[in-house]
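Whole structure, please, built from the sequences with the hints as guidance.
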Amino acid sequence: MAPRWLSTFYLLLACTLAGCTTTAVTVEATFPERPVVQQLPLAVSVVYTDAFRNYTLKESIPQRGDWEIDLGAAQVTLFRAMLPAIFTEVRERETLAAEPEDSPVDLILAPELLDMQFSIPFQTRSNFFEVWLKYEVQLYEKNGKTLVARYPLTGYGRTRDGFLDSAQVAIEQAAITALRDAGAFFAIEFPRNQDQLAAARARARLAAPAPPVDPAPAPEPAPTDLEDPTI
Amino acid sequence: MNTVARAMLTIASALTLGGCVSATIEEVRTGPAASALAMESPIVVLGRRHNNGYETESQFVDCVGKNLKATKVLPEQQFVDALYPWFEPRTAPLGTADLPRLFANEAVAKRVEALGVRYLIWVDGVTNTTDQAGSMTCTISPGGGGCFGFVTWARDASYEATVWDLETQQSMGRISSDASGTSYMPAMVVPVPIIARVQAQACSGLANQLDAFLSGAPPEAS
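Heads up: the protein sequence lines correspond to chains A and U, in order. As numbered in this note's numbering, residues 1 to 231 make up the first sequence, in order. As numbered in this note's numbering, residues 1001 to 1222 make up the second sequence, in order.
Be a bit skeptical, because a hint or two may be false.
Each pair of labels, with its calculated beta carbon distance range [as the list claims (entries may be wrong)]:
hint, chain 1, residue 1, chain 2, residue 2, range
1, U, Phe1150, A, Asn54, 52 to 62 Å
2, A, Asp66, U, Val1028, 47 to 57 Å
3, U, Thr1168, A, Ala207, 48 to 58 Å
4, U, Asp1131, A, Tyr156, 24 to 34 Å
5, U, Phe1103, A, Gln196, 23 to 33 Å
6, A, Pro191, U, Glu1167, 24 to 34 Å
7, A, Asp66, U, Gly1149, 30 to 40 Å
8, U, Thr1152, A, Leu40, 56 to 66 Å
By construction, these hints were calculated from the structure, which means they are not laboratory data. The structure presented is a predicted model; accordingly, all values stated were derived computationally and were not measured. For each residue, glycine too, the CB sits at the ideal point set by N, CA and C.
Right, dumping it as structure tokens:
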């Protein structure tokens, strides 16, 4: 039988190592299927890159171990639920490329998660787990080359620190709230910006290279930032 | 009395003991009471979650909805999902002045009509721990274990419910519910919690007053 001091040592060692564990969170969410929004007479193609589909945030918090938050599948689910309500037709692509000539697609959307941050009550001395998301939806003409605009999109979500809830559940719920927030903002504000979008497309067309008379590559037109999408 | 019976008695006593709670309900009516016909349509109780420092607890909103007896209550999440994206924390209307713009959207108006919701109740507030004192020490040894000490904490629940009539797009009035109380936990081997059910008291008080408010009964003295 092991001496008592050895048992105590193992117990202390286990408690110390517990601080070095990894907290893994896989965000699994469903979103309302048919958002109540104005549908635009536009057909779009959406590019979900591998980086977007498999996005995982890895971060280390001192005294609280490593964290891994897998958001990829959930954000694809959000866009799949939201976009068919906004556009008449939605097609999916894995890479950005030109649409065929006979394609009905008007625009190509390429969403990108630029930044994701989160905080836990230990860090903020508050009662909340919080998640921030910063997206950029790049809008291209159907040739896949002419960048029309960069549409900024942010999301914020928080969950109260529950006595019986685990940190995983709290962070997952905060991430779902942040996704819903980003989706809500896009669904409401994007249809309101059609005049700005039309103007941006016109500018992009004017700046686009002429038909290939000269084989020399033309400089890429400067994209429009829809910095303040609100009207 | 054997040990098991004594332990059972201690637990039963702890469950039945409750700390004192003082509650205040106030009502301001700004519109006519709901008609009996209108009360047949379901209502929705929603929590305010746009504030920076706090958000109304979901369980409190659920509690108010479950305690309303006057009419059928549509679950909060069902309503918010059905009207997505218009009732998220960032996009929800903050006042009745926002309703005409919201209902100018034909799709929104149709969805609300399909749900049959006439009255909407916004609940805004939070329960906070305002003070705590004392200490307790628990030990476990091969021969047994126990706790010794005394802990006390005070909680304050402050909520306000605002009733909107979606048909007239006007506010019908406000009801505020405040409750505060102090809980105690003395421990002589076994801790005996004497809990002041502050939030539950605020919830039942608010729900009862909402019932009276919606049915047009005069405010009760509290």
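Cross-check of the supplied hints:
1. Between U/Phe1150 and A/Asn54 the C-beta distance comes to about 54 Å, which sits within the given range of 52 to 62 Å.
2. As the Cβ distance of A/Asp66 to U/Val1028 is approximately 52 Å, the hint placing it in 47 to 57 Å holds.
3. Under the hint 48 to 58 Å, the C-beta atoms of U/Thr1168 and A/Ala207, about 52 Å apart, fit the expected range.
4. Separation of U/Asp1131 from A/Tyr156 is about 31 Å and conforms to the stated range, judged on CB atoms against 24 to 34 Å.
5. A hinted range of 23 to 33 Å for the beta carbons of U/Phe1103 and A/Gln196 is consistent with their spacing of about 26 Å.
6. Our hint of 24 to 34 Å for A/Pro191 and U/Glu1167 holds, since their Cβ atoms are close to 27 Å apart.
7. About 36 Å separates the C-beta atoms of A/Asp66 and U/Gly1149, a value consistent with the hinted range of 30 to 40 Å.
8. Between U/Thr1152 and A/Leu40 the beta carbon distance is about 60 Å. The supplied range of 56 to 66 Å therefore holds.
Checked against the numbered hints listed earlier, the structure breaks none of them; every hint is satisfied.
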